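Using numbering that gives the first Met the number 0, you'd call the opening residue of the sequence shown number 0 and step up by one each time.
Mixed in with the good hints, there may be bad ones.
No farther apart than 20 Å at their CA atoms in a straight line, the calculated lysine to aspartate or glutamate pairs in the DMTMM-like style are these [stated by the list, open to error]:
{"hint": "1", "residue 1": "77", "residue 2": "99"}
{"hint": "2", "residue 1": "77", "residue 2": "12"}
{"hint": "3", "residue 1": "15", "residue 2": "4"}
{"hint": "4", "residue 1": "77", "residue 2": "97"}
{"hint": "5", "residue 1": "7", "residue 2": "70"}
{"hint": "6", "residue 1": "94", "residue 2": "60"}
{"hint": "7", "residue 1": "7", "residue 2": "60"}
{"hint": "8", "residue 1": "65", "residue 2": "21"}
{"hint": "9", "residue 1": "7", "residue 2": "97"}
{"hint": "10", "residue 1": "15", "residue 2": "97"}
{"hint": "11", "residue 1": "65", "residue 2": "3"}
{"hint": "12", "residue 1": "77", "residue 2": "59"}
{"hint": "13", "residue 1": "94", "residue 2": "4"}
{"hint": "14", "residue 1": "15", "residue 2": "3"}
{"hint": "15", "residue 1": "7", "residue 2": "59"}
{"hint": "16", "residue 1": "77", "residue 2": "21"}
{"hint": "17", "residue 1": "65", "residue 2": "101"}
{"hint": "18", "residue 1": "15", "residue 2": "101"}
{"hint": "19", "residue 1": "94", "residue 2": "59"}
{"hint": "20", "residue 1": "77", "residue 2": "101"}
{"hint": "21", "residue 1": "15", "residue 2": "96"}
{"hint": "22", "residue 1": "77", "residue 2": "4"}
Here are the in silico distance ranges between beta carbons for each label pair [as the list claims (entries may be wrong)]:
{"hint": "23", "residue 1": "52", "residue 2": "94", "range": "32 to 38 Å"}
{"hint": "24", "residue 1": "63", "residue 2": "102", "range": "15 to 21 Å"}
{"hint": "25", "residue 1": "77", "residue 2": "0", "range": "14 to 20 Å"}
The set of hints was computed from the structure by calculation and includes no laboratory data.
Predicted model only: the values in this text are computed from it and were never measured.
We put the CB at the ideal spot given by N, CA and C, even for glycine.
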Amino acid sequence: MNNEEAVKQVLSDYYKAFSTLDVQSILPYFHQPALLIGPLGVIAIPTPAAVVPIFGQVMEDLRQRKYRRSELSLQQFKLLSATSALVVGVAIRYKADDQELERVGVNLLAAQRR
0 MNNEEAVKQV
10 LSDYYKAFST
20 LDVQSILPYF
30 HQPALLIGPL
40 GVIAIPTPAA
50 VVPIFGQVME
60 DLRQRKYRRS
70 ELSLQQFKLL
80 SATSALVVGV
90 AIRYKADDQE
100 LERVGVNLLA
110 AQRR
């Protein structure tokens with residue numbers, strides 16, 4: 000597996016973990032300290048425990064809306080090093096009946112886990 004494939008595999012694994020709606024399953028994908036930038040502004044994520052209330056709330060909302068899974072539609076992927084990439088895309092979220100629920104813009108720095 001080349002460097003690009005390895006980083007893309009991490010992204011795929013993250014979206015599979017997120018789709019379980021188990022906040023604990025996504026914690027290994029965050030490197031701390033981290034920053035989330037979104038509709039609520041800039042949120043500092045200094046520790047793994049700080050991920051839980053933020054994504055736990057998002058996941059509970061999705062659970063209530065009959066969410067089933069997410070897929071990442073890559074728009075831009077730029078390898079920055081052998082183990083990291085700048086990623087721009089759209090997270091497409093689907094309901095249990097496979098109808099599209101929503102689309103969420105994604106900009107992130109992805110890194111291959113060691």
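Comparing the hints with the structure gives:
| no. | hint | in the structure |
| --- | --- | --- |
| 1 | 77 - 99 | 27 Å, violated |
| 2 | 77 - 12 | 19 Å, holds |
| 3 | 15 - 4 | 16 Å, holds |
| 4 | 77 - 97 | 30 Å, violated |
| 5 | 7 - 70 | 12 Å, holds |
| 6 | 94 - 60 | 12 Å, holds |
| 7 | 7 - 60 | 27 Å, violated |
| 8 | 65 - 21 | 15 Å, holds |
| 9 | 7 - 97 | 24 Å, violated |
| 10 | 15 - 97 | 15 Å, holds |
| 11 | 65 - 3 | 33 Å, violated |
| 12 | 77 - 59 | 32 Å, violated |
| 13 | 94 - 4 | 28 Å, violated |
| 14 | 15 - 3 | 19 Å, holds |
| 15 | 7 - 59 | 27 Å, violated |
| 16 | 77 - 21 | 29 Å, violated |
| 17 | 65 - 101 | 12 Å, holds |
| 18 | 15 - 101 | 17 Å, holds |
| 19 | 94 - 59 | 14 Å, holds |
| 20 | 77 - 101 | 25 Å, violated |
| 21 | 15 - 96 | 17 Å, holds |
| 22 | 77 - 4 | 12 Å, holds |
| 23 | 52 - 94: 32 to 38 Å | 25 Å, violated |
| 24 | 63 - 102: 15 to 21 Å | 19 Å, holds |
| 25 | 77 - 0: 14 to 20 Å | 18 Å, holds |
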